[in-house]
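Following my numbering, the numbering of the sequence shown begins with 1 at its first residue and continues without gaps.
One or more hints might be untrue.
Pair by pair, the computed Cβ-Cβ distance ranges are [as the list claims (entries may be wrong)]:
# : residue 1 : residue 2 : range
1 : Pro249    : Glu110    : 37 to 45 angstroms
2 : Thr528    : Thr396    : 19 to 27 angstroms
3 : Asn500    : Gly90     : 54 to 62 angstroms
Calculated directly from the structure, the hints in this document are not laboratory data.
Predicted, not measured: the structure shown is a model, and the values here were computed from it.
Ideal Cβ placement from N, Cα and C applies to all residues, glycine included.
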Amino acid sequence: MKDLVKLQGKLNWLSNAIVTGKPLLGELDMFLHQHRHQTWVTLPSNILTLLQDWHLLIQQLHARPISVHELLPTSTPAYQGWADASTSWGAGGVWFGAAQPLLPIVWSLEWPPDIIQAIQRSHISINTLELFTILAHHLVLEAAVPTATLHHASVAIWCDNTTAVAWANKLRSSSCHFAHRILRLLTLLDTVPTAKRNAAKALFIAATTATSHGVIAATESERFRFWTHWQNFLQNTFPMHQPILSNYPLPTRLALLGAFAAFIRAGQHQPANKQVSAQTVLLALRAISQTHMLDGQPDPLADEKGQRHIILKRQIENYRRHDPSPKRKLALPHIAIKYLNVTRADNNPRYQAIHDLCTIAWFYLLRVGEYTQTTQTARRRTIQFRLEDVTLWNHTQVLCSTLPLQTLLSQCTAATLRISNQKNGRRNQVIHQEATRDVTCPIAAIIRRVHHIRQHTSDPTTMLGTYFTGHKLVAKQVTVTDITTALKNTVQVLGLARYNITPADISSHSLRAGGAMALHLGGVPAHTIKILGRWSSDTFLIYIQEQITGFSAGLSTQMSSTPLTPNAAIQPTLRLLNS
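Assemble the whole structure, with the sequences as input and the hints as a guide.
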């Protein structure tokens, strides 16, 4: 501990020359204060990173000597301005010229909802907001004036918050984690040559955008939702503790995380107060872990070896053992696909599209997100099948998709679907099926979809689930609800409850599972089914193994009693087995 205190003194003296290193000392001050009564300490990852940054700054002194103009302010500032922040709305400021001419610049920034919530819960103080406003004020000026005018120049920023002014003048905070981060950002660009700052800013923005888009929107929304629950939990139950756990000892971290896991398990984060599954609890803990790591903090769930701590592992395992067995949706038999095609309405574009897509999805083992509409603004990995992803074949020759409908129906022998990106991250995979020339022919369903779309648009990026309806022929898309409703109605009408298949057992996923089941019952090897369905694991075997009894229940007795003329009630199932 004495060695670390000596090192702090040396770095403090060195920061008079290396000004950009001053914000690094604030976190070291906080660490030394928390462990001031200890003789020996183990340096956490954030302090080690801090020391590595200092080592890099010292090395840069050899390549770039510091000019005295960077250490002493000029007598007259080049520009001057005022900045202010509010806890209820946002921040803003105004810039004027001084030694350098400048037309007045007025800017404002409204706080996003998550910042407003953090302010209301007292997680962010007005001092921090004022300091951030000073940073934003400085960035506005850099974006508005030639960079050459800021070289070895001083600027004057007036602010009515004495704490923020003190932090900005000292470039150091020994008490506020957020202030420490803002000050590091404020001085970071000073390590970049003036001519390269715009390029550096563009790189930071590009890196942040790429990190944000590294997951789909639903995953990021889920992380933010559970992080908000974590903040609310601490505010209401342990108001003295902060959401960032990096500075807490391991026993305290585990106690808080364990209590939060029990809070989520009991469903106290939702109005219904209904117990949730172990998987939901795991997602909540993972949200805390990911938020810490995205903030550059160590994983609070990890032990010394970087693995999830055994205490949390056992807690989750206990929840998992007491979870009810999952009830998966059942596979849809071929008779349901036949019914959808037989009852296909010729004068209703919406139902035509729904029934055709059900047929295509069943034979091609498609995921529902690959052919149905989703929120336009949502960021998803899966790219839905488009018109340009369809290739029609006459044996080995490609058919033009603009040919007349009857010509395509009579000449097309197969169709290939190419998916650009999918749920498991695999790209540019193809699925190929041949025509069956019967009422449930998947190739005929694809041709009908292509022909309908071609009649109304030539845009090759049009989704395969698009249909045009109404007096003005407005383009609409088939949704997941449309598919699920059609399947449940079909099961109800056909009375498939006698085969242990009820509407409650069916969802849009039943099409994909049904196609896999039909292939299995037809004797197709498991690895072939896996390739056709583009499964990256043996997950599909779960549906086959769990439902095989439902398909075969009572068949042996009926088949042995009527070997030559099977009862009409089971003929559809027998045809499925023999197809």
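Okay, the hints, checked on the actual structure:
1. For the hinted restraint 37 to 45 angstroms between Pro249 and Glu110, the CB-CB distance of approximately 39 angstroms keeps it satisfied.
2. A hinted range of 19 to 27 angstroms holds for the C-beta pair Thr528 and Thr396, which are about 22 angstroms apart.
3. For Asn500 paired with Gly90, a C-beta distance near 59 angstroms keeps the hint of 54 to 62 angstroms intact.
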